[in-house]
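*Asks:* Letter by letter, the chains look like this.
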Amino acid sequence: MNLPANIEVHPKAYFYGARDLARFRSRAPVALKLGRGSSIDGTCLDVGPNGRIVIGEFTYVSASCIVCDTTIEIGDNVLIAWNAVLIDNYGTHGDRRAAPIKIATGAWIGFEACILPGVTVGEGAVVSARSVVTKDVPPYSVVFGNPARIVKKLTPPA
Amino acid sequence: MKLPDNFTLGEGATFQGYEDGYHPFMRFKTRHEAKVGARTAIDGAYFNLGEAAHLEIGDDCRIWEAFFIAEAGIKVGHRVTIGWRATIVDADFHPVDPAERLKDAVACSTDPGDEKRRPFDSRPITIEDDVWIGPLSTILKGVRIGKGARVEPGAVVISDVPPGARVLGNPARVV
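Chains A and B, in that order, give the protein sequences.
Just so it is clear: in the first sequence, position 69 is 69 by the numbering used here, and no numbers are missing.
Just so it is clear: in the second sequence, position 62 is 62 by the numbering used here, and no numbers are missing.
Misleading hints may appear alongside valid ones.
Stated by the list, open to error - FRET-style restraints, in silico, Cβ to Cβ:
| id | chain 1 | residue 1 | chain 2 | residue 2 | range |
| --- | --- | --- | --- | --- | --- |
| 1 | B | R123 | A | P156 | 42 to 48 Å |
| 2 | B | R173 | A | R36 | 41 to 47 Å |
| 3 | A | Y90 | B | R123 | 33 to 39 Å |
| 4 | A | V85 | B | Y18 | 21 to 27 Å |
| 5 | B | Q16 | A | R23 | 29 to 35 Å |
| 6 | B | A52 | A | K152 | 25 to 31 Å |
| 7 | B | E115 | A | T70 | 42 to 48 Å |
| 8 | B | L3 | A | P138 | 44 to 50 Å |
| 9 | B | R31 | A | A99 | 44 to 50 Å |
| 10 | B | R62 | A | Y16 | 33 to 39 Å |
| 11 | B | D160 | A | Y16 | 34 to 40 Å |
| 12 | B | A52 | A | T70 | 26 to 32 Å |
| 13 | B | K147 | A | G91 | 42 to 48 Å |
To be verified - If you want a taste of the chain A side facing chain B, the calculated C-beta under 10 Å gives, among others:
| id | residue |
| --- | --- |
| 14 | T71 |
| 15 | Y90 |
| 16 | G94 |
| 17 | T105 |
| 18 | G124 |
| 19 | A125 |
| 20 | A129 |
| 21 | G145 |
Everything labelled a hint here was simulated from the structure, so no lab data went into it.
Bear in mind that the values here come from a model prediction, so they are computed numbers and not experimental data.
No residue lacks a Cβ here, since even glycine has one placed at the ideal position from N, Cα and C.
Model the full structure from these sequences, guided by the hints.
*Replies:* As structure tokens, this is what we get:
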């Protein structure tokens, strides 16, 4: 598969699915960066002209959907399950929200969860399946529901 | 479509699989017999069953495009209706503990080195007779849905549903 020149895939990373790029229109010098050991597997990448996606090492993005007009930063060792939605902008002229999303190292996004504009998911946090995350998730916490609420605290690694 | 040898249909049961999305048996790895009862109609379904997973579907059920994802087991009673794109998942697939999860992510990656997959939590799901499960709903691990209960569309069920109850929302509550 021929990737656009502004996509940087590490030799030990994996990118699958040409269909992913049907809505990839970014003109940023580095529009998508995929680090060592990371995979993107059949994810819809709807990236606007100035959109940038940076993905760290050993991160797994399964068949999900990333809608990006600003910047979406995904750290190392992040797990993103199937049909998760990361959307950093929505709305029309008068009522538009666009703000970068950050998923920190070791976070885990459950299947069909939705991360809305401006949200930061903290280190090691868990977003449970089908949650809708409207505000920041503190590090090492578990959130669940629509809208997502904190249900549990985890022990940070020693 | 050719069914796996250990996937058995009861008398008068029908199975319709579609291959345009996921192949229904792409991740059908169970060593056990997966049984579908008599006169049950499955119109589109996706089975992601781990090696030790049990699956049993009763008689006279109607199932449309449901996702059965199991490591422990899923048991569906008789006369159960499962709506379009309902997802029934009995496992976490990754450890919840942050330190273990960091290592599991490396083990899952394309450059795992010596890291091995870590154990995760899974608990079987039981759906009793005459239950109605709405479209786009989700049933999570360890849940028992009581006889005659009704899971409304889009509900996310994380705890047991009493017999005859109606549950709604994310997380699902009895109404």
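*Asks:* Now tell me, hint by hint, if it's right for this structure.
*Replies:* Evaluation of the provided hints:
1. One distance hint, 42 to 48 Å for the beta-carbon pair R123 of chain B and P156 of chain A, is violated here, with the actual separation near 26 Å.
2. R173 of chain B and R36 of chain A have their C-beta atoms about 44 Å apart, which keeps the hinted 41 to 47 Å range intact.
3. In this structure the hint that Y90 of chain A and R123 of chain B lie 33 to 39 Å apart at CB holds, the actual value being about 36 Å.
4. A hinted range of 21 to 27 Å holds for the C-beta pair V85 of chain A and Y18 of chain B, which are about 24 Å apart.
5. Checked against the given bound of 29 to 35 Å, the beta carbons of Q16 of chain B and R23 of chain A, roughly 32 Å apart, stay inside it.
6. Between A52 of chain B and K152 of chain A the beta carbons are some 27 Å apart, a value that agrees with the proposed interval 25 to 31 Å.
7. At about 33 Å, the CB distance of E115 of chain B to T70 of chain A disagrees with the hint of 42 to 48 Å.
8. With their beta carbons about 47 Å apart, L3 of chain B and P138 of chain A fall inside the hinted range of 44 to 50 Å.
9. Between R31 of chain B and A99 of chain A the CB atoms are about 49 Å apart, so this pair conforms to the stated range of 44 to 50 Å.
10. At about 35 Å, the CB distance of R62 of chain B to Y16 of chain A agrees with the hint of 33 to 39 Å.
11. Restraint check, D160 of chain B to Y16 of chain A: a C-beta distance of roughly 39 Å satisfies the suggested window 34 to 40 Å.
12. Checked against the given bound of 26 to 32 Å, the beta carbons of A52 of chain B and T70 of chain A, roughly 44 Å apart, lie outside it.
13. Taken as a hint, the range 42 to 48 Å holds for the pair K147 of chain B and G91 of chain A, whose Cβ atoms sit roughly 45 Å apart.
14. The restraint placing T71 of chain A at the interface with chain B is violated, with a minimum CB-CB distance near 22 Å, outside the 10 Å limit.
15. Taking 10 Å as the C-beta contact cut-off toward chain B, the hint placing Y90 of chain A at the interface is violated, the least distance being around 20 Å.
16. For G94 of chain A, the suggested interface contact is broken, since its CB lies about 29 Å from the closest CB of chain B, more than 10 Å.
17. Among the interface hints, the one on T105 of chain A holds; its C-beta lies about 8 Å from the nearest C-beta in chain B, closer than the 10 Å criterion.
18. Interface hint status for G124 of chain A: upheld, as the beta-carbon distance to the closest one in chain B is roughly 3 Å, under 10 Å.
19. For A125 of chain A, the interface hint holds, the least distance from its beta-carbon to any beta-carbon of chain B being 9 Å, beneath 10 Å.
20. With its C-beta approaching chain B no nearer than about 6 Å, A129 of chain A sits inside the 10 Å limit, and its interface hint holds.
21. Because the closest C-beta pair between G145 of chain A and chain B is about 5 Å apart, less than 10 Å, the hint holds.
In terms of the numbered hints stated before, the structure departs from hints 1, 7, 12, 14, 15, 16, listed from lowest to highest.
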